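Engineer: Following the hints, complete the assembly by docking chain G onto the known chain A.
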Amino acid sequence: MLPQLSGANLRQSLTQALNFCLVLTTTFMFWKGLSVVTNSPSPIVVVLSGSMEPAFQRGDILFLWNREARVKVGDIVVYNVKGRDIPIVHRVVRNHVSSKKQLLLTKGDNNAMDDLDLYAHRQYYLDREQEVIGSVKAYVPWIGYVTILLSENLWAKYMLLAGMGFLAVLQRD
Amino acid sequence: MPNPKNKVNLSSLPDLKNATDDEIVQILATKGYTQIFNLIDVRLMLGFVSVIVAAAAAGYDYYVGFEKAKPFTAIGVSLYFVLNVAFTAWIMYVEKGTFYQGSKDGKKISIISTTKKYSPLYNLNVTETTTSKSSQAAKSFTDFFDSNGYIVRLPLENWIDGLILSVVQDDSSAKAKGSKDVRKRE
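For the record, the sequence lines run as chains A and G. To convert, count from 1 in the first sequence and add 6; that's the numbering used here. To convert, count from 1 in the second sequence and add 93; that's the numbering used here.
Looking at chain A on its own, in the form it has when it is part of the complex:
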């Protein structure tokens, strides 16, 4: 009798663990699925600086699309400088295009100078294939401020994750 009940208890704990895991993995898979569809490693980004004001403010959420082989001058693109992790959202002001590749010069609307100083040492242009992770197709204002708060305050991030996990375990459906 005792081994019987512990078999049931084991499965109950496993079921609760599974429900918790599924919350995490489903969220993650949605993100990865969106990544694959848009062909962008980071299909949703948050505006971190005021360099694109008045078009975008800090905290706006941007939706990217990366399946255009060539972007147009005037498009707003998101790129990572070679070797850095922070995405920069600026407008394409100049390009050189050939059948092999497209080179871009970008500038923030609210900046006095173009991005030349931001690029890597001795880099004068961005490569559309290598550094650009997508062009902005839509945006939602302001909501991303929560992520800025979370990323600048490590404690808040862990509290949120803990809270989500706690709720998932409490609901035994």
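These are calculated hints, taken from the structure and not from any lab test. Here the structure is a predicted model, which is why all the values come from computation and not from measurement. A few of these clues could be false.
To be verified - Per label pair, the in silico range of CB-to-CB distance:
| no. | chain 1 | residue 1 | chain 2 | residue 2 | range |
| --- | --- | --- | --- | --- | --- |
| 1 | G | 107 | A | 120 | 52 to 60 Å |
| 2 | A | 23 | G | 225 | 31 to 39 Å |
| 3 | A | 19 | G | 222 | 52 to 60 Å |
| 4 | G | 190 | A | 91 | 44 to 52 Å |
Said to hold, decoys possible - Derived lysine-lysine pairs resembling DSSO-like cross-links, with alpha carbons at most 30 Å apart:
| no. | chain 1 | residue 1 | chain 2 | residue 2 |
| --- | --- | --- | --- | --- |
| 5 | G | 226 | A | 143 |
| 6 | A | 88 | G | 161 |
| 7 | G | 232 | A | 107 |
As the list claims (entries may be wrong) - Listing some non-contacts, in silico: residues in chain G with all C-beta distances to chain A over 10 Å:
| no. | residue |
| --- | --- |
| 8 | 100 |
| 9 | 150 |
| 10 | 210 |
Backbone N, C-alpha and C fix where the C-beta goes; we use that ideal spot for every residue, glycine too.
Structural biologist: Here is chain G on its own, set in the frame of chain A:
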């Protein structure tokens, strides 16, 4: 005897249902039924395989980078989606609310419990799976919970006994509530 850990929130229908389900599992264990875990095991397997797929896709993407991992990520996402649909389909169409399956003396029973929103009724459906004989009944939760939120085993046990008896008996020597008498006499 009442353990404060077992106190149930009387206003929460899911809590009431889960507590009653658990109590029935324990009752049947004391009565010598061997629980059959196949239904639960398939569900757990489907779920954990999908978690492993997600973890593998995540790990590979983390190590080789987005571009190189892209085809595998695409496969991983599709596989995860398929497994999750199967997981949900299993719960909705195969399990259908079955919270217990067990066997004793060659009889295998399957018990489904359901509740409806805003109704205090606990609906039980007990089926003997080899003969497909089933018995359905409903009782209000007030019949086996006291006003402090503790479950009272005896009325629940008697009710479940009656239901099981009505589906496992083939030669009726005991009267089953409301069933037609088709007695085989020797």
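Engineer: Indicate, hint by hint, whether the structure satisfies it.
Structural biologist: Hints, verified against the model:
At roughly 59 Å, the beta carbons of residue 107/G and residue 120/A sit within the given window of 52 to 60 Å. In this structure, residue 23/A and residue 225/G meet the distance hint of 31 to 39 Å, their C-beta atoms being roughly 35 Å apart. For the hinted restraint 52 to 60 Å between residue 19/A and residue 222/G, the CB-CB distance of approximately 27 Å leaves it violated. The hinted range of 44 to 52 Å is satisfied by residue 190/G and residue 91/A, whose Cβ atoms lie roughly 48 Å apart.
As the CA atoms of residue 226/G and residue 143/A are separated by approximately 60 Å, the hinted pair breaks the 30 Å bound. About 17 Å separates the Cα atoms of residue 88/A and residue 161/G, which keeps this hinted pair within 30 Å; it holds. Taking the CA atoms of residue 232/G and residue 107/A, the gap is about 73 Å. The hint is violated against a cut of 30 Å. The Cβ of residue 100/G sits about 15 Å from the closest Cβ of chain A, beyond the 10 Å cut-off, so the non-interface label holds.
Chain A draws residue 150/G into its interface by the beta-carbon criterion, the shortest separation being 7 Å against a cut-off of 10 Å. For residue 210/G, the non-interface assignment is confirmed: its Cβ lies about 13 Å from the closest Cβ of chain A, beyond the 10 Å cut-off.
Violated hints, listed in ascending order, are 3, 5, 7, 9; each of the other numbered hints is respected by the structure.
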